[in-house]
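> Generate the whole structure from the sequences, applying the supplied hints.
Protein chains in written order, with this note's numbering: chain A, 255 to 476; chain B, 216 to 436; chain C, 275 to 315.
Derived from the structure by calculation, the hints contain no laboratory data. Everything hinted at is true.
Which chain A residues face chain C? A few, computed with CB under 10 angstroms, are given here:
no.	residue
1	PHE272
2	PHE280
3	GLN293
4	HIS299
5	SER302
6	MET345
7	THR349
8	TRP353
9	ILE452
10	TYR453
11	ALA466
12	GLN467
13	LEU470
14	ARG474
Derived CB-CB ranges, DEER-like:
no.	chain 1	residue 1	chain 2	residue 2	range
15	B	ARG371	A	ALA471	13 to 23 angstroms
16	C	GLY298	A	GLU325	22 to 32 angstroms
17	B	ASP257	A	TRP362	16 to 26 angstroms
18	A	GLU325	B	ASP337	53 to 63 angstroms
The beta-carbon is built from N, C-alpha and C at its ideal position, and this holds for glycine as well.
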Amino acid sequence: MVRRWWDWLLIGLSVVMFCAALVVVFLYAPREATMGDVQRIFYFHVASAWVGFFGFFVTFLGGVLYLVRGERRWDILSLSSAEVGLTFITMVLITGSLWAKPVWGTYWTWEPRLTISAVQWLIYVAYVMLRASTVGEERVARFSAVYGVLAFVTVPLSWFAIRWWRTIHPQVVSSEGMALTPKMVQTLMASLATFTVIYVTLLRERMRLEQAQDRLAALREG
Amino acid sequence: MLRQIGAILAKDLAAELHTREILSAMAVFAITAVLTFSFALDLRGATGEAAAPGVLWTTIAFTGTLGLSRSLAREQESGGISGLMLASEDRTVIFVGKALSNLVLMLLLEIVLLPLATIFFDVNFVRPSVVLIVVLGTVGYATAGTLLAAIAVNTRAREVMLPILLLPLVVPLLLGAVHATAGLLEGLTLAEVGSWVQILVVYDLLMTAAAVATFSYVVEA
Amino acid sequence: MPDHLTLAYVVFCVVPVGLAVSIGLRQRRVRRALEREDMRR
Chain A
255 MVRRWWDWLL
265 IGLSVVMFCA
275 ALVVVFLYAP
285 REATMGDVQR
295 IFYFHVASAW
305 VGFFGFFVTF
315 LGGVLYLVRG
325 ERRWDILSLS
335 SAEVGLTFIT
345 MVLITGSLWA
355 KPVWGTYWTW
365 EPRLTISAVQ
375 WLIYVAYVML
385 RASTVGEERV
395 ARFSAVYGVL
405 AFVTVPLSWF
415 AIRWWRTIHP
425 QVVSSEGMAL
435 TPKMVQTLMA
445 SLATFTVIYV
455 TLLRERMRLE
465 QAQDRLAALR
475 EG
Chain B
216 MLRQIGAILA
226 KDLAAELHTR
236 EILSAMAVFA
246 ITAVLTFSFA
256 LDLRGATGEA
266 AAPGVLWTTI
276 AFTGTLGLSR
286 SLAREQESGG
296 ISGLMLASED
306 RTVIFVGKAL
316 SNLVLMLLLE
326 IVLLPLATIF
336 FDVNFVRPSV
346 VLIVVLGTVG
356 YATAGTLLAA
366 IAVNTRAREV
376 MLPILLLPLV
386 VPLLLGAVHA
396 TAGLLEGLTL
406 AEVGSWVQIL
416 VVYDLLMTAA
426 AVATFSYVVE
436 A
Chain C
275 MPDHLTLAYV
285 VFCVVPVGLA
295 VSIGLRQRRV
305 RRALEREDMR
315 R
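As structure tokens, then:
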């Protein structure tokens with residue numbers, strides 16, 4: 255499928271916004287009092303987490319629509335969102351560890367957002383492995399849609415459970431303690447907008463790839 | 216409809232009780248697991264007491280995947296599910312029947328496991344409040360597990376797929392059950408561990424609804 | 275060994291670009307296969 259003008263617009267926007275966001279994070283956002291410059295990881299880290307979860311939601315949505323409508327394009331939406339979402343969640347985990355080490359002295363903290371990201375990561379990976387291990391295009395779509403739906407249903411509960419768990423074992427380790435000034439909030443919003451655009455762009459491109467593969471397979475069969 | 220569920224349940228349980236194959240495998244595995252944890256983590260004395268709820272539930276979680284996998288694999292080998300679908304049009308009935316039989320299987324295991332853990336860790340698991348938690352947790356686990364096992368058994372990786380699919384989804388159950396159990400063992404009342412019990416109940420309801428809604432898509436011909 | 279902030283932002287740059295490149299390469303492979311199919315006909 256040929257790229258339309260909005261595909262190019264998305265790609266262009268992604269690049270421009272990403273560069274702009276970098277500038278905002280490093281030059282506009284203030285230096286945090288207690289943590290210093292390393293705190294700047296926070297902006298893209300949190301943006302990745304929100305986008306990663308959103309990708310999860312889109313996978314769920316695609317799954318529901320596929321089960322109800324039976325149309326391949328919903329399955330394409332699901333699998334594409336899963337692949338892109340997994341990438342974002344991976345970044346959350348890596349950068350979370352990089353941030354944690356200098357600030358709290360340990361690579362892994364059981365901080366709620368990080369922990370729920372780890373759970374989401376495992377679910378995404380399970381989703382991908384399920385797709386790889388199932389034979390038959392229709393069956394793959396059906397199974398992964400069901401899994402996507404079930405998994406998504408459990409995530410809010412996991413979130414609450416993890417939070418409650420953390421409150422009974424409180425540790426100094428928490429980003430909740432960070433006071434956000436207006437400039438920081440703006441930087442966070444800018445990061446979030448940027449990552450959302452990047453997510454949509456990558457999602458669209460991944461879907462185009464899958465559509466092209468479908469066409470190739472159809473040609474070879476027919 | 217209840218009669219049909221009862222019929223499936225009775226048939227499954229009769230088959231299992233006849234050979235006791237799955238149940239004995241689960242029991243032996245569970246005991247081995249408890250021992251392994253104790254050796255590996257040096258769970259003697261006070262450490263053991265503190266770790267006991269966690270060990271109990273981890274053991275249930277892992278042993279459960281064993282039982283679920285075998286139960287559905289056996290079903291597949293004997294051409295079971297297709298036969299069931301001929302007998303009853305309603306997919307919900309099949310699912311509830313299977314989930315209940317898996318639940319009973321796990322409960323039977325827990326009847327063995329709880330006293331054993333009590334003796335082993337010198338903490339009293341065998342009391343009504345704890346039993347309630349165990350039942351609540353197992354219901355959610357069996358529901359999710361039955362559905363996911365039905366999927367797993369139809370993949371190339373088969374049984375190996377089940378823990379990968381199931382364990383991330385039972386995080387709320389594990390957290391809720393472990394903390395409720397731990398609280399109760401420390402002498403708290405059920406009301407005091409209420410928030411954890413809430414998670415278990417909400418999970419059971421949500422998962423049952425979701426599983427019943429989606430099961431027909433799993434066993435479509 | 276660069277500091278954690280730099281490393282983190284390297285990750286933020288490299289990972290999305292890496293995914294984009296991966297998708298792009300796969301797209302190219304399929305496009306070429308499609309062209310070959312078209313030529314065969």
